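Visitor: Okay, here's what each chain looks like letter by letter:
Protein chains: 2
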Amino acid sequence: MALIVQKYGGTSVGDLERIRNVASRVKKNHEAGNEIVVVVSARSGVTNRLVADARSLHPNPNEREMDMLLAVGEQETIALMAIALHRLGVPAVSRTGGQAGIKTDFAHTRARIVKVTAGDIREQLSEGNVVIVAGFQGINQHNQITTFGRGGSDLSAIALASSLNADQCQICTDVDGVFTADPRIVSTARKISQISYDEMLELASLGSKVMQSRAVEFAKKFDVEFEVCSSFNNKPGTIVKKEAASMEEVVVRGAAVDKDQVKIVVSQVHDQPGTAAKVFQALADAEVNVDMIVQNIGHGGIANLTFSAPLEDAFRAEKAVGEILDLMGGGKVEGVDRIAKLSVVGVGMRTHSGVAAKLFTALAEAGINIQLISTSEIKISVAIDVDKADAALRLVHEAFELEKEETVL
Amino acid sequence: MALIVQKYGGTSVGDLERIRNVASRVKKNHEAGNEIVVVVSARSGVTNRLVADARSLHPNPNEREMDMLLAVGEQETIALMAIALHRLGVPAVSRTGGQAGIKTDFAHTRARIVKVTAGDIREQLSEGNVVIVAGFQGINQHNQITTFGRGGSDLSAIALASSLNADQCQICTDVDGVFTADPRIVSTARKISQISYDEMLELASLGSKVMQSRAVEFAKKFDVEFEVCSSFNNKPGTIVKKEAASMEEVVVRGAAVDKDQVKIVVSQVHDQPGTAAKVFQALADAEVNVDMIVQNIGHGGIANLTFSAPLEDAFRAEKAVGEILDLMGGGKVEGVDRIAKLSVVGVGMRTHSGVAAKLFTALAEAGINIQLISTSEIKISVAIDVDKADAALRLVHEAFELEKEETVL
Numbered sequence: 001m002a003l004i005v006q007k008y009g010g011t012s013v014g015d016l017e018r019i020r021n022v023a024s025r026v027k028k029n030h031e032a033g034n035e036i037v038v039v040v041s042a043r044s045g046v047t048n049r050l051v052a053d054a055r056s057l058h059p060n061p062n063e064r065e066m067d068m069l070l071a072v073g074e075q076e077t078i079a080l081m082a083i084a085l086h087r088l089g090v091p092a093v094s095r096t097g098g099q100a101g102i103k104t105d106f107a108h109t110r111a112r113i114v115k116v117t118a119g120d121i122r123e124q125l126s127e128g129n130v131v132i133v134a135g136f137q138g139i140n141q142h143n144q145i146t147t148f149g150r151g152g153s154d155l156s157a158i159a160l161a162s163s164l165n166a167d168q169c170q171i172c173t174d175v176d177g178v179f180t181a182d183p184r185i186v187s188t189a190r191k192i193s194q195i196s197y198d199e200m201l202e203l204a205s206l207g208s209k210v211m212q213s214r215a216v217e218f219a220k221k222f223d224v225e226f227e228v229c230s231s232f233n234n235k236p237g238t239i240v241k242k243e244a245a246s247m248e249e250v251v252v253r254g255a256a257v258d259k260d261q262v263k264i265v266v267s268q269v270h271d272q273p274g275t276a277a278k279v280f281q282a283l284a285d286a287e288v289n290v291d292m293i294v295q296n297i298g299h300g301g302i303a304n305l306t307f308s309a310p311l312e313d314a315f316r317a318e319k320a321v322g323e324i325l326d327l328m329g330g331g332k333v334e335g336v337d338r339i340a341k342l343s344v345v346g347v348g349m350r351t352h353s354g355v356a357a358k359l360f361t362a363l364a365e366a367g368i369n370i371q372l373i374s375t376s377e378i379k380i381s382v383a384i385d386v387d388k389a390d391a392a393l394r395l396v397h398e399a400f401e402l403e404k405e406e407t408v409l
Numbered sequence: 001m002a003l004i005v006q007k008y009g010g011t012s013v014g015d016l017e018r019i020r021n022v023a024s025r026v027k028k029n030h031e032a033g034n035e036i037v038v039v040v041s042a043r044s045g046v047t048n049r050l051v052a053d054a055r056s057l058h059p060n061p062n063e064r065e066m067d068m069l070l071a072v073g074e075q076e077t078i079a080l081m082a083i084a085l086h087r088l089g090v091p092a093v094s095r096t097g098g099q100a101g102i103k104t105d106f107a108h109t110r111a112r113i114v115k116v117t118a119g120d121i122r123e124q125l126s127e128g129n130v131v132i133v134a135g136f137q138g139i140n141q142h143n144q145i146t147t148f149g150r151g152g153s154d155l156s157a158i159a160l161a162s163s164l165n166a167d168q169c170q171i172c173t174d175v176d177g178v179f180t181a182d183p184r185i186v187s188t189a190r191k192i193s194q195i196s197y198d199e200m201l202e203l204a205s206l207g208s209k210v211m212q213s214r215a216v217e218f219a220k221k222f223d224v225e226f227e228v229c230s231s232f233n234n235k236p237g238t239i240v241k242k243e244a245a246s247m248e249e250v251v252v253r254g255a256a257v258d259k260d261q262v263k264i265v266v267s268q269v270h271d272q273p274g275t276a277a278k279v280f281q282a283l284a285d286a287e288v289n290v291d292m293i294v295q296n297i298g299h300g301g302i303a304n305l306t307f308s309a310p311l312e313d314a315f316r317a318e319k320a321v322g323e324i325l326d327l328m329g330g331g332k333v334e335g336v337d338r339i340a341k342l343s344v345v346g347v348g349m350r351t352h353s354g355v356a357a358k359l360f361t362a363l364a365e366a367g368i369n370i371q372l373i374s375t376s377e378i379k380i381s382v383a384i385d386v387d388k389a390d391a392a393l394r395l396v397h398e399a400f401e402l403e404k405e406e407t408v409l
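Which chain is which? The protein sequence lines are A and B, in order. Letter by letter, the first sequence follows residues 1 to 409 of the numbering used here. Letter by letter, the second sequence follows residues 1 to 409 of the numbering used here.
Certain hints may be false.
FRET-style restraints, in silico, Cβ to Cβ [said to hold, decoys possible]: (1) Ala277/B / Gly33/A: 52 to 58 Å; (2) Thr117/A / Asp223/B: 40 to 46 Å; (3) Gly33/A / Lys319/B: 43 to 49 Å; (4) Val336/B / Lys28/A: 39 to 45 Å; (5) Asp223/B / Asn143/A: 28 to 34 Å; (6) Gly89/B / Lys28/A: 53 to 59 Å; (7) Pro59/A / Ala245/B: 54 to 60 Å.
Think of the hints as simulated: they come from the structure by calculation, not from any bench. Just so you know, these numbers come straight off a predicted model, no measurement behind them. Glycine residues also receive a C-beta, built at the ideal position from the N, C-alpha and C atoms.
The following block holds chain A by itself, in its conformation from the complex (with noise of 0.2 Å):
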């Protein structure tokens, strides 16, 4: 008998069938001696419509009235969700974020989870209750309902599993787990079967959309193991786990490209210290999540900044970097252009040297231009011509083998 906490997202509730066909997953595992918390998401579109009805009605409505509204998402589906399994025969009650002891600080639409004191959880598990418990919520202190932001169903499940000390975790969505690289674009993408936090935490933060960074982060620092799986059929996901010695056996986990992002180039900048702080600052105080950054350094004390920024924050970095450009009396915006951000990631990356060159080569050989470079511990990313990009992540792909069975570990 284990303890089971499963998240099902939005899309995999997303109508009464779907319901239906969770209820009746979980009834398989609860039949197999198990006791199983079911995290889940509003169905979707719930979320959206309500947003919308808010918006109608104030430009930029109140966060702590956002939270009340859009907690009513997730408390629909617990509330479905139970009843579909008793449909089954199969005993569950639901739980709302508060219920659930999921306590929170007082940041309205954003909060940080505080505690997790799984509230009268294991006492209706133990009494043979499936507990269905409402993701992406929890309550402050004030006894006021809050919400998680983007991803906040997964942040939920993985803090519930820490708290009630889960033997398994499982994340169900709509892919089958994480993959080498994304299947749509290189048909030899395999899925990985075991990646570390940092690696996750990495491929999260580019194009492999599968998780929001916060859920993982919270897994990495209460070491919960995880597994990325499919809502939809019984494959194994991909199990996402503290880094092991043998991980580094593999030199590079997956290959990603991000084709949302632009590179900014500023010339005729001052070569003083202190230039390129102001800039930068001023990036940071629009909120602007500047990425790679080159200056070069030209004749006469004079230099030219290069960086790139996703493409949502082109134009709020434009103006900010204009306005101080203005204040300092020196330098233009030369132009922003789109980019694709190319990166490949793995631990192993810290004992392996000869990465960074084989990439390079790989990308020389067939002609593409690298235009900046930014590097971590696991990672490397370069931009590149969005028009290449897919080509780029194929060869890639390629290049390092990923598309080889790894060892399991």
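Fit chain B to the known structure of chain A by using the hints.
Guide: Same frame as chain A, but now just chain B:
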């Protein structure tokens, strides 16, 4: 400065435009310097949609889970109403039934209020906030969400008005108040300016469906004076209050017909002690709401029993009576006929004689046959032919001169 509790039902908050309208009304009251608590229902249609979802998953969904599910309807409205008020520059906070300290017993889907602490509502009011409370719902001692059943939001408003010792309690609805008769039937029907709890209860239990009896009973028990008025205009409505001596000057306050009634005739029952008791016990066990009863004793120890019941109970009534007659070995259900129940209500009947005579005479002169009669201290009801119900109501309205302006007390 007054503390006002206002309740708006599902029709009054049925879409975003109506929510905006209610917000404007509340703003005016707030700007006039009043402290306002607004109790709202689910937007019309929301509850039905959720019930349909639940029923499509389970023919008989669990009541605890139905409460969890249905409570979201009001939770949506309170958040949207607060957001609409913010848009008008009115400070407002929303509270669920539980947060408003509406404590109930454990009877899910038909919970009874045991205590109202009002949570932090007084504090919020003194800080200048309008407080929006989810009607229809509360919380039990185990921290589980409960709901009150039909008309539950009226009950929430009256209970909160009582707990907060409010200066005014307004039940804002889609009619202008309580009328001397249904204006769709009687063109001369007039809005009643004041009515006693008991008269309101009698009218509520008849065809006049302005409010459910439970809320009026609660108001009577705790002496909460309230006004039934329109959500859509500012005309004075009907004040419902404790009976004053001067109220008896009006003999008949109002008249109503209920066309959804049946008359069941049971013939050939043995006229022995206990026979009627057994029949009516069987009806009570089958949850049939028996209203008017007549027993005719025939020759040779054989009696006829006739009684009326709501149309929706007709099938259960016929079945229950049939079974008990079989058991007793005598009597048969002669027929189940649709009838209308015509009633006149007024506390003045206690001190004025001749009301029954005037009613029977008016009907007799119009050739309308009275099939059954029942009376209470403040009401006379007669069963008549359904086809003649509307005409009879107009006739009675005229006979008692209900169109004439009452003396304002």
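Visitor: Could you run down the list of hints and mark each one as holding or not?
Guide: Verification of the hints:
With their beta carbons about 54 Å apart, Ala277/B and Gly33/A fall inside the hinted range of 52 to 58 Å. Between Thr117/A and Asp223/B the beta carbon distance is about 42 Å. The supplied range of 40 to 46 Å therefore holds. Range check, Gly33/A to Lys319/B: about 45 Å between beta-carbon atoms, so the 43 to 49 Å window is met. For the hinted restraint 39 to 45 Å between Val336/B and Lys28/A, the CB-CB distance of approximately 50 Å leaves it violated.
Between Asp223/B and Asn143/A the CB atoms are about 31 Å apart, so this pair conforms to the stated range of 28 to 34 Å. A hinted range of 53 to 59 Å holds for the C-beta pair Gly89/B and Lys28/A, which are about 55 Å apart. Restraint check, Pro59/A to Ala245/B: a C-beta distance of roughly 56 Å satisfies the suggested window 54 to 60 Å.
In summary, the one numbered hint that this structure violates is 4.
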